[in-house]
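J.: One-letter residues, chain by chain:
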Amino acid sequence: MDFLPDLATSTPLWLALTTVGVNAVVGSLRASTDDERHWDIVGLSTFGVLMGLGGGFIRDLLVGNLPVESLRTPWYLTTVLGAILVVLVFGRHLARVSILVTTLNALALGLFAISGVAYALRADLPVMSAMFVGVVSAVGGGVLVSVMKDEVPAILLTSAPNALVALLVSGVYVATDVWDSRVAGLAGIVTAVIAHFVAHALGLRTRRADSPAALLFTRDKRDD
Amino acid sequence: MDFLPDLATSTPLWLALTTVGVNAVVGSLRASTDDERHWDIVGLSTFGVLMGLGGGFIRDLLVGNLPVESLRTPWYLTTVLGAILVVLVFGRHLARVSILVTTLNALALGLFAISGVAYALRADLPVMSAMFVGVVSAVGGGVLVSVMKDEVPAILLTSAPNALVALLVSGVYVATDVWDSRVAGLAGIVTAVIAHFVAHALGLRTRRADSPAALLFTRDKRDD
Amino acid sequence: MDFLPDLATSTPLWLALTTVGVNAVVGSLRASTDDERHWDIVGLSTFGVLMGLGGGFIRDLLVGNLPVESLRTPWYLTTVLGAILVVLVFGRHLARVSILVTTLNALALGLFAISGVAYALRADLPVMSAMFVGVVSAVGGGVLVSVMKDEVPAILLTSAPNALVALLVSGVYVATDVWDSRVAGLAGIVTAVIAHFVAHALGLRTRRADSPAALLFTRDKRDD
Numbered sequence: 013m014d015f016l017p018d019l020a021t022s023t024p025l026w027l028a029l030t031t032v033g034v035n036a037v038v039g040s041l042r043a044s045t046d047d048e049r050h051w052d053i054v055g056l057s058t059f060g061v062l063m064g065l066g067g068g069f070i071r072d073l074l075v076g077n078l079p080v081e082s083l084r085t086p087w088y089l090t091t092v093l094g095a096i097l098v099v100l101v102f103g104r105h106l107a108r109v110s111i112l113v114t115t116l117n118a119l120a121l122g123l124f125a126i127s128g129v130a131y132a133l134r135a136d137l138p139v140m141s142a143m144f145v146g147v148v149s150a151v152g153g154g155v156l157v158s159v160m161k162d163e164v165p166a167i168l169l170t171s172a173p174n175a176l177v178a179l180l181v182s183g184v185y186v187a188t189d190v191w192d193s194r195v196a197g198l199a200g201i202v203t204a205v206i207a208h209f210v211a212h213a214l215g216l217r218t219r220r221a222d223s224p225a226a227l228l229f230t231r232d233k234r235d236d
Numbered sequence: 013m014d015f016l017p018d019l020a021t022s023t024p025l026w027l028a029l030t031t032v033g034v035n036a037v038v039g040s041l042r043a044s045t046d047d048e049r050h051w052d053i054v055g056l057s058t059f060g061v062l063m064g065l066g067g068g069f070i071r072d073l074l075v076g077n078l079p080v081e082s083l084r085t086p087w088y089l090t091t092v093l094g095a096i097l098v099v100l101v102f103g104r105h106l107a108r109v110s111i112l113v114t115t116l117n118a119l120a121l122g123l124f125a126i127s128g129v130a131y132a133l134r135a136d137l138p139v140m141s142a143m144f145v146g147v148v149s150a151v152g153g154g155v156l157v158s159v160m161k162d163e164v165p166a167i168l169l170t171s172a173p174n175a176l177v178a179l180l181v182s183g184v185y186v187a188t189d190v191w192d193s194r195v196a197g198l199a200g201i202v203t204a205v206i207a208h209f210v211a212h213a214l215g216l217r218t219r220r221a222d223s224p225a226a227l228l229f230t231r232d233k234r235d236d
Numbered sequence: 013m014d015f016l017p018d019l020a021t022s023t024p025l026w027l028a029l030t031t032v033g034v035n036a037v038v039g040s041l042r043a044s045t046d047d048e049r050h051w052d053i054v055g056l057s058t059f060g061v062l063m064g065l066g067g068g069f070i071r072d073l074l075v076g077n078l079p080v081e082s083l084r085t086p087w088y089l090t091t092v093l094g095a096i097l098v099v100l101v102f103g104r105h106l107a108r109v110s111i112l113v114t115t116l117n118a119l120a121l122g123l124f125a126i127s128g129v130a131y132a133l134r135a136d137l138p139v140m141s142a143m144f145v146g147v148v149s150a151v152g153g154g155v156l157v158s159v160m161k162d163e164v165p166a167i168l169l170t171s172a173p174n175a176l177v178a179l180l181v182s183g184v185y186v187a188t189d190v191w192d193s194r195v196a197g198l199a200g201i202v203t204a205v206i207a208h209f210v211a212h213a214l215g216l217r218t219r220r221a222d223s224p225a226a227l228l229f230t231r232d233k234r235d236d
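Chains as they are written, first to last, in this note's numbering: chain A, 13 to 236; chain B, 13 to 236; chain C, 13 to 236.
No wet-lab data here; the hints were simulated from the structure.
By construction, the Cβ of each residue, glycine as well, lies at the ideal position given by its N, Cα and C atoms.
Treat the hints with caution; some may be incorrect.
As the list claims (entries may be wrong) - Examples of chain B residues lying across from chain C (beta carbon under 8 Å, computed):
1) 73
2) 140
3) 165
4) 176
5) 210
What the hints assert, rightly or not - According to the in silico footprint, chain A covers these stretches of chain C (three or more CB under 8 Å from chain A):
6) 62-76
7) 140-152
8) 160-171
9) 216-227
When you get a sec, could you build the whole thing from the sequences and use the hints?
T.: Here you go:
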């Protein structure tokens, strides 16, 4: 399997930057498409930075990989800047290419999750901790944006099961990594995209956590 | 005093896990007993993790003890997982054994405070900084849960004086540690439990901070 | 230019403590002058600590400068304690000397920004990352206080352009630092004070970020 790149530990730069850029666009849109509050350029940029780089910040802090990796080269911040400009210029029009954004989003979730797992394993953390870091890397950026917006992070309420997809991806990565880390990276990404679309197609939503049934899903055709 | 374990720096694992587990239960209950919002399994787990491990995360980050200590073995996350399952299965019934939960909570506050102080001292921080880290370790987890819930952390408003109990515990630990670190650990824990029950019995509450009188307490028999 | 101190990397202690103290006063006032909620001594102290030291905490975490610098000596916490006492005793009267507070605030913004840039450069981060760390150091403390208050940070909404002043200061520092780091420190501080007063005098406010025009300002004479 030597022809495959090791996606988790040496993600090709173009792929890493694409996912950061897509996430930054999604983050910045949470400012420019908000009709309730008047976010300024600082708010929009903050959401872009946190959504694009925040998960990685949390990963690097927990694991002790400092200075945080995305600040060690100018490419990540440059990409985020580009994403911010794209949102300023095209704004709401971007929301219309939602199928593309959804796919890239699933890809980003997967990449963030597997890089979180891989970095944690490299720091000699046990498998369970690595899966935890993977999930936190994948969903941490969105949570930070919600905190800045003074909102409850959507993933903590009954919602589409994004955090559970990240957990599944982390599990698949960990299981496959025992055999071959290159295949593990690919398996993780493929799992992310498939799980995302299956969850979407079936309208899976998490349940209210007031009984053990919270471990199951409900189905809701109006799921976004 | 050699027969005493050094509670702050080498807390017996069963004791550390018990306090983490109790705190995780308390955190998870903040999701499952909330009638206003529909927290899902991700929200409930997040509250359990942050309440059980969040104070330690903050301590390790401020002190530079990375990767964060509770991720270096699988035991802490396993304990939190167990706590989450307990809350899912028994839910509101747990709130009824409140005298037990209150005692364990006071114990947990004390243990988190003294471990915060001890880790800071070990990192060669001065006494004042160590007490700061102690207080932050003790109350940080609850503050993080409140931030996730989009609520003001209760300890910042007029309330039961938990943060001040943590400060007292840190002070007692620091003062006794000059003489013997084993006794210091025990003195800190005992202080935590006594101060907690005295504050509760007298109905002590902090005052509004608009004058120097804010350094005193009021008494309120309806104190929760 | 050898007679100038290197403000960013070896800020004279009296100057560093003055800016931390001023910021801590401003933070604590956000508790004691709040008529909506009853913040207690813990809340007031938390705001003072976060406003005075929070930006530095974030800087040190991102850059990996651990344990965080302001905890390595007792002077910073002692200064914050002093600021808290001043606010408790003098309270609302302090808000009246607003011209002094405004000037010291501008100075503090500048000092935090240049120390952020300098620490990042010393950690071998590229220029763009250093400017990012500079801005985050300058505005991070206020953002953390807003999160604790369960409010949207004002700088993320249409408001006085404080974050952009911090960006300008960081840019001036980086540009001048190529030539001489001592002059860079002074240039950064002078830029901060001038930009702050120009923005105030002209009533500059940021715009809503829904088009590229968000990169410009509006003018509003009622700007606070």
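J.: Now tell me, hint by hint, if it's right for this structure.
T.: Each hint tested on the structure:
Using the Cβ-Cβ criterion of 8 Å, the hint placing residue 73/B at the interface with chain C is satisfied: the shortest such distance is roughly 6 Å. Using the Cβ-Cβ criterion of 8 Å, the hint placing residue 140/B at the interface with chain C is satisfied: the shortest such distance is roughly 4 Å. Evaluation of the residue 165/B hint against chain C yields a held restraint, the C-beta minimum of about 7 Å falling below 8 Å. At its closest, the beta carbon of residue 176/B sits 7 Å from a beta carbon of chain C; the interface hint therefore holds under the 8 Å criterion.
About 18 Å separates the beta-carbon of residue 210/B from the nearest beta-carbon of chain C, more than 8 Å, and the hint is not met. Under the rule that three or more residues need a Cβ within less than 8 Å of chain A, the assignment of the stretch 62-76 of chain C holds, with 4 such residues. Coverage of the stretch 140-152 of chain C by chain A holds. Counting CB-CB distances below 8 Å, 4 residues qualify, and the rule asks for three or more. Counting residues of the stretch 160-171 of chain C whose beta carbon lies closer than 8 Å to any beta carbon of chain A gives 9, which meets the minimum of three for the stated coverage.
Coverage of a stretch by a chain is defined here by at least three residues with a beta carbon nearer than 8 Å to that chain's beta carbons; for the stretch 216-227 of chain C and chain A the count is 9, and the condition holds.
Hint compliance for this structure: hint 5 is the single one not met.
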